[in-house]
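Visitor: Use the sequences and the hints to build the structure in full.
Note that the working numbering has the sequence shown beginning at 1, numbered continuously upward.
You may find that some hints are simply not true.
[Said to hold, decoys possible] Pairs of lysine-lysine residues, derived as PhoX-like cross-links and limited to a Cα-Cα distance of at most 25 Å, are as follows: (1) K173 <-> K233; (2) K174 <-> K236; (3) K233 <-> K82; (4) K174 <-> K233; (5) K173 <-> K82; (6) K84 <-> K236; (7) K173 <-> K236; (8) K173 <-> K84; (9) K82 <-> K174; (10) K174 <-> K84; (11) K173 <-> K234; (12) K82 <-> K236; (13) K234 <-> K174.
[To be verified] Just the calculated beta-carbon pair ranges, DEER-fashion: (14) R81 <-> I139: 16 to 24 Å; (15) R136 <-> L248: 43 to 51 Å; (16) Q204 <-> R137: 38 to 46 Å; (17) V92 <-> L238: 25 to 33 Å; (18) S18 <-> D135: 43 to 51 Å; (19) P48 <-> S18: 29 to 37 Å; (20) G71 <-> L255: 39 to 47 Å; (21) L238 <-> R136: 24 to 32 Å.
To be clear, the hints were calculated from the coordinates, so they are not data collected in a lab.
A virtual CB, placed ideally from N, CA and C, is assigned to each residue, including glycine.
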Amino acid sequence: MDLIFNDLSGIAIVFAISVTLLAGFVKGATGFALPMIMVSGLATILPPDVAIAALIIPTVISNVWQSLRGGGIQAAVVVARKFKIYISTLLVFIVIAAQLVSVMPQHVILLMLGGPIVILALFILSGKTFHIRPDRRNISEVIVGAMSGFLGGLAGIWGPLTVTYLTALDTPKKEQVRITGVIFGVGAIVLGLAHVRTGLLNAQTLPLSLFMILPVLVGQTLGNRVQDRLDQKKFKRLTLFVLIIAGLNLVRRGLM
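Guide: Set out below in structure tokens:
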């Protein structure tokens, strides 16, 4: 256990597992927020770089499961093709931005991410909507994909902006959950490979990342049961509330 938890106390280990269970539960219920909850929670007892490394492997596994749940490979391929421009742009910018982790101040990154998410989520929750014209869909996916990838490569978090975009498009619940699983899964794989190169994911941090698979999947299983009982309207409202909480937490971390 010392190899996995880097000589943490028993209380700290219980806290780390509890945070990861919670992250998995919220992931199962809404389809996102796993990296945000894990990073913000684990970073209180671990160095930020170790906290980021810890989420990489469980994020890949949980998103593969999410993308295949309720439709299998064929359904995942269909939604991946539908959002291929967004996914391609996201991956390119994750690789580029991951090389800048040691350059940009983390508080700047967190404020850049948290503020807009809170504003957009409150805007949509208020009942107001905005629509993207079909002829502007491609350019909007490039812009939002680039922003998500850039912030994801820097902070390991690209979910909130992606989910805000999909929610604004009124994406049906099952399709939104499936496409976020695909997007987050391939993004996590690319981020993991990028951080193998940067040294963030190494022989010291890999055991912790592998260990965290179990509590994530247990939490996700419980969260899936909640998601299955939500209709489209309730799912959208729950998603927006989680976005607001996540955004405010990012702002808090940035200011502190």
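Visitor: Look at each hint and say if it fits the structure.
Guide: Structure-based check of all given hints:
1. K173 <-> K233: 9 Å, holds
2. K174 <-> K236: 11 Å, holds
3. K233 <-> K82: OK: K233 and K82 at ~23 Å, within 25 Å.
4. K174 <-> K233: Cα-Cα ~13 Å, so holds.
5. K173 <-> K82: 16 Å, holds
6. K84 <-> K236: 23 Å, holds
7. K173 <-> K236: 8 Å, holds
8. K173 <-> K84: 19 Å, holds
9. K82 <-> K174: At roughly 14 Å apart (the allowed maximum being 25 Å), K174 and K82 satisfy the hint.
10. K174 <-> K84: Given pair K174, K84 holds - Cα atoms ~18 Å apart, limit 25 Å.
11. K173 <-> K234: Holds - the C-alpha atoms of K234 and K173 are around 10 Å apart, at most 25 Å.
12. K82 <-> K236: 21 Å, holds
13. K234 <-> K174: Holds, because 13 Å separates the two Cα atoms, which is no more than 25 Å.
14. R81 <-> I139: 16 to 24 Å: Holds - the Cβ-Cβ distance for R81 and I139, about 18 Å, lies within 16 to 24 Å.
15. R136 <-> L248: 43 to 51 Å: 30 Å, violated
16. Q204 <-> R137: 38 to 46 Å: About 44 Å separates the Cβ atoms of Q204 and R137, which means 38 to 46 Å holds.
17. V92 <-> L238: 25 to 33 Å: 31 Å, holds
18. S18 <-> D135: 43 to 51 Å: 48 Å, holds
19. P48 <-> S18: 29 to 37 Å: 19 Å, violated
20. G71 <-> L255: 39 to 47 Å: 41 Å, holds
21. L238 <-> R136: 24 to 32 Å: With Cβ atoms ~28 Å apart, the hint holds.
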